[in-house]
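Trainee: So you can see what is in the structure, the chains are spelled out below.
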Amino acid sequence: MFQIEFDNDKVVGIDLGTTNSLVAWMNLTRPEVLPLVPSIVSVSPSGEMIVGDKARQELIDHPDRTIYSVKRLMGRGIADVQEELKLFPFHIANSDEKESESIIRVRLGDRTFTPPEISAFILRQLKQNAEAALGQPVTKAVITVPAYFNDAQRQATRDAGRIAGLEVLRLVNEPTAAALAYGLDKRQEGIIAVYDLGGGTFDISILKLHEGIFEVLATNGDTHLGGDDIDHRLLNIALEDLQSEWGEDLSHVGEVVQTLRQEVIRAKESLSFLPDADIDFAWRGKSYHREITRDLFENLIKDIVDRTLGPCRSCMKDAGVTHEQIDEVVLVGGSTRIPMVRGAVEVLFRTKPHTELNPDEVVALGAAVQAGILAGTVENQLLLDVTPLSLGIEISGGVVSKIIHRNSTIPASASETFTTGVDGQTNVLIHVVQGERELAKDCRSLLRFDLKDIAPMPAGMPRIEVRFLIDANGILNVTARDARTGKEQSIDVQPSYGLTLEQTEAMIDAAIEHGEEDLHAAQVALARVDADAILLAIEKAKHNDAWLELTDAEREEISDAIRQLQTVYHGDDHHAIRDTIDILNDVTHKLAETMMNTAVSGALKGTKI
Amino acid sequence: MDYFAFLDLPRNLTIDANAAKDLEKRFYALSRQLHPDLHSRKSPAEREQAEESTAVLNDAYRTLRDPVARAEYLLKLEGFDIGEQTTKDVPPELLEEVFELNMALEEADIPQLESARQKFEGMRGEIDVELQQAFARWDATGNREALTAVRGILNRRKYITNLINQTNVPDRI
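Going line by line, the protein sequences match chains W and V. Number 82 in my numbering belongs to position 82 of the first sequence; there are no gaps in the numbering. Number 163 in my numbering belongs to position 163 of the second sequence; there are no gaps in the numbering.
Hints were generated in silico from the structure; no laboratory data involved. Misleading hints may appear alongside valid ones.
[Said to hold, decoys possible] Here are the simulated DSS-like cross-link-like pairs (lysine-lysine), alpha carbons at most 27 angstroms apart as the crow flies: (1) V:42 with W:10; (2) W:86 with W:54; (3) V:25 with W:441; (4) W:402 with W:302; (5) V:119 with W:317; (6) W:302 with W:86; (7) V:42 with W:402; (8) V:42 with W:317; (9) W:317 with V:25; (10) W:302 with W:286; (11) W:208 with W:441; (12) W:590 with W:540; (13) W:86 with W:208; (14) V:42 with V:76; (15) V:76 with W:487; (16) W:402 with W:452; (17) V:76 with W:208; (18) W:542 with W:590; (19) V:42 with W:542; (20) W:86 with W:441; (21) W:140 with V:158; (22) W:402 with V:158; (23) V:119 with W:208.
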């Protein structure tokens, strides 16, 4: 009888961060964001997945079953992450020679996962949280990525969404999302710079605002620079101290490293508003104390902060603007709370940066706005983003011929015609790379593809036209046709890093098979639908004469049960919600009966009462 | 459809402030109609169409807003073969400068490279003035000889730009 209207097109915006992840959506005209979920994933000895706050303790108790900062591994090959492996306790499981080329596998306890699968656990948690809060299923999302993410890193993020059971409508660049969040009720015209220093990535984007259009002029960054690097500096100081004070090298004791890591993060955060902070640590009857002054801290991180300035200058140059033309600067990412970072940004742009919005939430808020644009609920705003890296193909001598330049507005396309070099040749191999360097070996290998089944002809006669399209997600699509016949040319695409389509499909299937989490979320959502129905029915019944016929004690009993239901409503225990609905059912039995008897209204009839 | 027709512009080469403003306005207006974000609830075929047509719009805007890319594109439309500039043949008037540049590069003589860069940038500045004049001639007359002149100037410009890029030492390390 009571129909809860589902907004079936509810699209959520997700900030899948290195340190924390958030989900948000548009509520009428304002974005609403749920509390952040730490990007930590752990597998319990019984095989249960633990995500977020609860996994934080697991970092200390079961470091070999727990992973954080997995974003650093997204879309990367084994060779790329050697540096990371020195700093992060990632347990790489690749042994198979062939597989080590394409995708990393991480060991958590006795199971192994690819980075997109681990990210999918975080996404699934966010999906569940959103479903519980919204009381409806969530299947569509906008996910943010660092602007400087390459094709493989973007594809890995999209794969993670799919594995989590989300249709990823759009990948949005994080700084651009932040600009959207700030642009909500701000200036109509102007040039803004977004400086985004997160847990593991740095981005700078310069945008032009014009009557609701957010046009990115240029972007730059470093996908391996962020708060994590600062934590490591502090951690190394503490470990070196322990080595000299206790005479023990504890850098390989996971429990010690993770406990210290949380301690130095706490100290780092205090140093943003205090002149000094303490690092305290006790282990096996011994204790360690160290004071870190802000001066020491700033000396320690100066080069990290300086490393962000080069990309800022390049970005201004590429955007064709000087600091005088930049009207506003926006700070994004937890690391921009550090006074030294703020100072450096202020000196560089000679503008006091905006910090009104919570730097941890601003990207998710912007993602929600973009979700609203896609769902059609936010009108008159449009993002025009760019590709951060040039796209090229390898030509003779290993040299790169650039076909789409960096900072081109996306979608962007280019067509190239290829031919054969030998009489009767029936296939042509093409190597596509991303990057700014002259030689293919210095760029990022994206994919190789084989133009197959070319009709045998004298060399140079076939003309195969290949179209490269970088879509609005910043992901490359390749199609080919025979320029003479106009027929589609078959191509066999081999991604250099990341999952093939078949592998992704298999993971989606596996996730559905082991879909306890999804099932659980659906049960919570359904329980909340029933809870909504009964609460609404009782609210209506209160205006009925039957309500007045109840005794004070009976009305008090009902109010108590309502309060109980409201308490468990936002939790993720569907049993508790069901049990409380039953209690409410019982205590409203007389009310429903009276109403039915008096035939005033069938308001409670169609529900489960 | 060619880019000029797509953006409803005459085949002119000069882009003054007004022309630039008009171009931007058209680009924004078409973006508001075509962009994939505004078609995300449609069928897969329509979404693909939105990606494709927006890609063409973006490519057109990028080409026509840049004077050199615009001129090269117009030359192609008008049937001129612009081809790949061969950097092997040194223009006779630059023989001495190129020789000096190669010496400086070999010896990694930074001050020498810096002065070479300044010299070449000065030359490019002069070429750009020449280019403006040739652009104006084409816009006024629609005379193909004006385009032949544009092609010659563009080739020289490309050669000088290559030389300037070579003087960028930090990029080479």
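Trainee: Hint by hint, note whether the structure agrees.
Mentor: Verification of the supplied hints:
1. At roughly 15 angstroms between alpha-carbon atoms, residue 42 of chain V and residue 10 of chain W fall within 27 angstroms of each other, so this suggested pair holds.
2. With a C-alpha separation of about 26 angstroms, the suggested pair residue 86 of chain W and residue 54 of chain W falls inside the 27 angstroms cut-off, and the hint holds.
3. The hinted pair formed by residue 25 of chain V and residue 441 of chain W fails the criterion: a straight-line CA distance of about 41 angstroms is larger than 27 angstroms.
4. For the hint linking residue 402 of chain W to residue 302 of chain W, the alpha-carbon distance of about 35 angstroms lies beyond 27 angstroms, and the restraint is violated.
5. Distance restraint check for residue 119 of chain V and residue 317 of chain W: the Cα-Cα separation of roughly 22 angstroms lies within the 27 angstroms cut-off, and the hinted pair is therefore satisfied.
6. A threshold of 27 angstroms between alpha carbons decides the hint, and for residue 302 of chain W with residue 86 of chain W the separation of about 22 angstroms falls inside it, so the pair holds.
7. A C-alpha spacing of about 33 angstroms is found between residue 42 of chain V and residue 402 of chain W, which places the hinted pair above 27 angstroms, so the restraint is violated.
8. Simply put, residue 42 of chain V and residue 317 of chain W have alpha-carbon atoms about 38 angstroms apart, too far for the 27 angstroms limit, and the pair is violated.
9. Among the hinted pairs, residue 317 of chain W with residue 25 of chain V is consistent with the structure: their alpha-carbon atoms are about 24 angstroms apart, no more than 27 angstroms.
10. With a C-alpha separation of about 32 angstroms, the suggested pair residue 302 of chain W and residue 286 of chain W falls outside the 27 angstroms cut-off, and the hint is violated.
11. Simply put, residue 208 of chain W and residue 441 of chain W have alpha-carbon atoms about 35 angstroms apart, too far for the 27 angstroms limit, and the pair is violated.
12. Between residue 590 of chain W and residue 540 of chain W, the direct Cα distance comes to roughly 16 angstroms. Compliance with the 27 angstroms bound is thereby established for this hinted pair.
13. The hinted pair formed by residue 86 of chain W and residue 208 of chain W fails the criterion: a straight-line CA distance of about 40 angstroms is larger than 27 angstroms.
14. Our distance criterion of 27 angstroms between C-alpha atoms is broken by residue 42 of chain V and residue 76 of chain V, whose separation comes to about 36 angstroms.
15. For the given pair, residue 76 of chain V sits about 25 angstroms from residue 487 of chain W by alpha-carbon distance, which is consistent with the 27 angstroms threshold.
16. With a C-alpha separation of about 23 angstroms, the suggested pair residue 402 of chain W and residue 452 of chain W falls inside the 27 angstroms cut-off, and the hint holds.
17. Taken as a hint, the residue 76 of chain V and residue 208 of chain W pair is broken in the structure, with Cα atoms around 32 angstroms apart against an allowance of 27 angstroms.
18. A hinted pair counts as satisfied when its Cα atoms are at most 27 angstroms apart, and residue 542 of chain W with residue 590 of chain W qualifies at roughly 13 angstroms.
19. The hinted pair formed by residue 42 of chain V and residue 542 of chain W fails the criterion: a straight-line CA distance of about 44 angstroms is larger than 27 angstroms.
20. Among the hinted pairs, residue 86 of chain W with residue 441 of chain W is consistent with the structure: their alpha-carbon atoms are about 24 angstroms apart, no more than 27 angstroms.
21. At roughly 48 angstroms between alpha-carbon atoms, residue 140 of chain W and residue 158 of chain V are farther apart than 27 angstroms, so this suggested pair is violated.
22. Note on residue 402 of chain W and residue 158 of chain V: the hinted pairing holds, with a Cα-Cα distance of about 16 angstroms set against a maximum of 27 angstroms.
23. For the hint linking residue 119 of chain V to residue 208 of chain W, the alpha-carbon distance of about 34 angstroms lies beyond 27 angstroms, and the restraint is violated.
Figure legend: structure checked against the earlier numbered hints; hints not met, in rising order: 3, 4, 7, 8, 10, 11, 13, 14, 17, 19, 21, 23.
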